[in-house]
Structure formats: structure tokens, C-alpha cells
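S.K.: Listed below, chain by chain, are the residues.
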Amino acid sequence: MKYSNDSNIAVISTYKENMSVKDLKDMTLQLRRDIIELTWFSGTQSSHVGGELSAAEIMAVLFGRILKLDPQNPVWENRDRVILSKGHASALTYVAMAWRGFFERDVLWNEFNRVGGRLQEHANMELPGIEAPTGSLGMGLSNGCGMAWAAKHTYKDKKPPYNVYVILGDGECTEGQTWEAVMTAAHFKLDNLIAIVDYNKYIISGTTYEVMDLEPFTDKWESFGWDVQIVEDGHDIVQLIAAVEKAGEYETAPDKPRVIIANTVKGKCIKFMENDAIHWHAGHLDEKLYEQCKKELGL
Amino acid sequence: MSEELMYGCSLKGMRTALRETLLEVSRSNEKVVVIDCETGTATNILPYKKEFPGRFIELGVAEQNAISFAFGVSASGYIPIVPLFGSFLTRRACDQIFIQVGYAEANVKLIGCYSGLSTPNTGATHQSINDVSIMRSIPGITIIEACNESELREAIIEAVKIHGPVYIRMIRGDIDPYESMEVKLEGEFEIGKARVLREGCDVTLIGCGLMVKRCLEAAELLAKEGISAEVVNCSTIKPLDKDTISKSVTKTKAVVTAENHSIIGGLGSAVAEFVAENCPVPTKRTGIMDKFGESGSLEELFPKYGLTTQAVMEAVKKVLLIKTKITNK
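Each protein sequence line maps, in turn, to chains A and B. Here the first sequence stands for residues 1 to 299, numbered as in our numbering. Here the second sequence stands for residues 1001 to 1329, numbered as in our numbering.
Watch out, some of these pointers could steer you wrong.
Stated by the list, open to error - In silico BS3-like pairs for lysine-lysine, Cα to Cα no more than 30 Å straight-line:
1. K1329(B) with K1247(B)
2. K189(A) with K1049(B)
3. K68(A) with K189(A)
4. K1238(B) with K1318(B)
5. K1031(B) with K152(A)
6. K1049(B) with K1161(B)
7. K68(A) with K1323(B)
8. K1318(B) with K156(A)
9. K1247(B) with K156(A)
It is worth saying that the hints were derived from the structure and are not from the lab.
Let the sequences and hints guide you as you build the complete structure.
M.R.: Structure representation (C-alpha cells):
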């Protein structure tokens, strides 16, 4: 079994205030390298790596630039809430949390998919900073609605001091509960709720077009009463920042919940994964593939 | 005072106790909110909306969303109480309860209304006969079934006081005489504590909900036949009060359980599992015998599905025969 002291991955990015686009690009590379390292050092030598790589920029923009968090006090009342509804990609949350300082990096290599470890393949509440147990798909947006409702109820007529962000997979948008929540958010005018869809066009066994077509996706959200922004390239930091910052401004769409549909690529930056996205929804690495991943990430 | 009516039926009993208690706990604790999925008319909680309009959250007919929403609200420091029909709550939203209430150790209070066969005009689709089976199999959820209005009130008050998930099961309790729950209780309700309502030495009757009254009636009738039955009101189904049960069955050496629920997975199963492993004595479970219910009057439903004093007495006779055989060996 491999353990932390076997990992020699370099730290090329750390948190600072006012992260620039260049800083966030470095951070994204760090997250991708850490995802591969985490997968390799996992107790199962696996993770849901394809959908982690597709959402890396989304997570970098949130953890690096947008979210008000206090890693020393994970339950700080005024923190922004972030829920990874596509909970199978929890490894992405873990590397982002480690980067932001919620726990030591050693925890990544020692506790992921290991019996007794807190880093479950699908996140649970045992790890301070995780806002919701997700993994059974379609629940996260309902959690976000509850949190956003609570914030509005607490602060009455004032703007709540925090927003609620929910990252959705496109696959889980085939869950009925997702649309129950979509309806709920509009009904309660939850303009403090921001959903970001990692639209990589792959559900587990094929493309969303083949398996269960989501299109016309934008029209669906709009017809439910949401403010919709499309990010043409969900790996473009500049486009993502613009969309997320705009969504966070009340004036953008008073009384409307916000969704950002980010067009992404499953397995992004690892060519053999991009070219075989079905296989790399969840995949096991062997030594050869691990080395190939590192090479593609400049290691 | 004029009688309250709902669809021509009298509003009293457990439904009224539910409404009054929700108001009571909300007046004293501003963190309490109530979530409804369009069963509020039937469960008689709509008056809550009048007094606490901002704290009555109506989510349409969407139980799964409601449970995950409740988790989100609880994670923000509120105490959501979710009184829905027990059937749709536990069956439709089972995964959400498992993960986001149980696994999350969320401070969510679930109330399964219209449990068991106690509603005449619904049928198998609405009759909640396996809610306890489902909830018992989820780690960490306290399960309570009250035997009368006052116990329901105390159960809700205590559930709000503790941090963590609680499932409370109740019936309408107002369809006389079949749902009568006139049970005299002494002492205070305590989560996890069963109460011995009548002492006896030949057999232990362990019941919950509306079957407690039937156990007491059975004990009274059995006494006339010279059989001394101890009656235990086991209102907390999980965690089971092992001490009280063990003490009683060790004394009587025979046990009969009675519940308005399938005999698979409910109170009877909980008692049988504990007794078999720790203090084995002849055991019989009464309740719904692994069958779907149907719509019809309670007058016909209760005898057909074994929810009567008579059914308890018959089980006692059977269990005592086994006890005698063992003793005579």
C-alpha cells in the first residue's frame, strides 16, 4: 500500500487574496496534478477522474477567487456554501480543500478510499468543510435550496452575507429531484442560489445526447424561471470568472436563482481520457497510465 | 365549542395533538420550521401557517426534494419538522432519508402520519405498513410511536430537544371507536424508555401505538381466564429499551408483540431479535401478516388484518401452549 511519504508531487500554487487569472491557471494545474496523485494513492487506485478533470477550472475559480471561507473555522456562519452535487467527483473537492488549507496535504494521500479515512469516494459530513453528503445523484440542488431559503429567512429583507453554490453534473440533470429543486428555487425567489452545471456531455454509459438528451437545456432552465448564463468554454478561467461574479451580483437578476451552464470536456487535459470518456467516468490507474498522466500534466 | 370537521370527519385525537404541539414547540423555539408536501390538510397542520406564515414551508408534492431541502435548512441551524404521510415519507424519500438525514446525522424531525391501516378510505398505496422496517434499518434514527395524544405531545417536545434525526409515527386517532387510544399513562415520557402499564407473570405483551390499548384490553380479559399478562408500552422502537424488556420476559418467560405495522421489521421484529439473542422465550408477533392492505371500513379492516384485542389474545394462547410444552419437557 502506498502512503503519503511516497508522494513527491510539488506544490506550485498556494492560496492568496486577489488571485489573478495566471494564478488560477497555476491553481488548476495543481488541482489536476493532485487529482491524478490522489487517484494513484487512493486505497483503490481509482476515483471518478473524468468528471473531476472536467470541473477543475470551475472548482479553481470558486475556491481560488469566489468563495468566502475560513479553513480554520469551517462552520463560520457567514461562509459561502458550496455543495458538489455530483458527489462522485468528491476528490476534486478534497484537493481544492487541501489547497485552501482545510487540512494538510498528507491527508489526501493517506485517507482517500482507505478504511477509517475521512475522504470517502462520495463526500460525507465527517470531514469539516463538507457541506452535504452527496453521491446519490440529484440531491444537492435541494440542499442548496434549503440553505438559500434559510439564509433569506434569517436575514429577512437584507441581502444575506453569503451565497450558496451548487455544482451539478449533467448526468444528474436526468434525476427528477433536480427539477423539483429547480422549481422550488424559482418559487422561493432564491437569488442567493447559484448552480453551475459541469456540462461535459457524458453520462456514464454514453453521451447525454444518446442516453437521455438534456436539450434544449438552456430553455428548460429559463422556462423554470432561472437566470441562465452559458459559458462557451468551461475551461476558460476568464469566461468562468465573469459568469460566476455576475451571478453573485444581486442586480444581475433580482428574485431569480442563477445557473451557469459550463461547456466542458470530460477527462480534460489527459488525452487518453478525453478520447475515451466513457471508460474514464471512473477509472483505475496502473503504473504506466499514472506516468502518462504525469507527463501530460508537465511532471 | 363547535366540533371541527374535515371532509365531514371530526378533527380531534392525534391530528389535533400534532397541530397543537407544532404550535407549542414553535412558540418556544424560533428555530423550529415545518415542511409540508400537500398533506397538511389531511394531517391538520394548516392552521400552523396562519400563526407562523414564514415558518411553514410548502414544497408541493415532492417528498424527495422536501427531505434534502430539510437537510439544507437543518445545516443552517434550523430544526425542520416534516409531518407527511408515513408511506410517502419513508418509501418515496427513503434514499434521501438514508443519506441526508441518517448518514448526515441531521437535526431533522420526521413525522409519519396516517401510519399502518388506520385510514379507511385509502388502501394499500397509502397505508404505511413498512415505515418502521425502513427506518429501523437506517443507523442512528430514533423511532417513536405514541400510544395516545399526550404521549405524542411529549414525544415531539423531546424530539425537538435532542440533536439528531427522529422519526415519530402516528395515526389520526379520531375514528371512534376503532382508533380509540384511551390509555392511562403514569410518569413522564422519556425517549428510549418503555413503560410497564400493567404487571403480570405469565406473559409479556409489548405494544406500541393503537395496539397498546388492545394489549391492555387483552390483559383484562385474560385475567378473567386466570392468565396474568404484563403490558409494556414500548413507544420508543429504536433504541429499544432492552432493560425493561429483558426484565419482563425473564419474569414471564413468554412474549407477544402487537403493532399497527407489518410483522416484518417493526416492533415485533425488534423485540424478537433482542429476545432471541439475549433472553430467549417463546415469542409471537401480531400485526399485519406480510400482506398489502386495502380500502374499507376500519370495522372490517382491523379484524381482517389482525389489529384487534382478539388477535392479541389468540397469540397469547398460542405462545402459552409453547411455553407449557417447553416447561413440561
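S.K.: Does each hint fit the structure? Answer for all of them.
M.R.: So, going through the hints one by one against the coordinates:
1. K1329(B) with K1247(B): With a Cα-Cα distance of about 24 Å, the restraint between K1329(B) and K1247(B) holds, given a limit of 30 Å.
2. K189(A) with K1049(B): 19 Å, holds
3. K68(A) with K189(A): 23 Å, holds
4. K1238(B) with K1318(B): 27 Å, holds
5. K1031(B) with K152(A): 14 Å, holds
6. K1049(B) with K1161(B): 22 Å, holds
7. K68(A) with K1323(B): Violated - the C-alpha atoms of K1323(B) and K68(A) are around 68 Å apart, more than 30 Å.
8. K1318(B) with K156(A): 63 Å, violated
9. K1247(B) with K156(A): Not satisfied, since the Cα-Cα distance of roughly 54 Å exceeds 30 Å.
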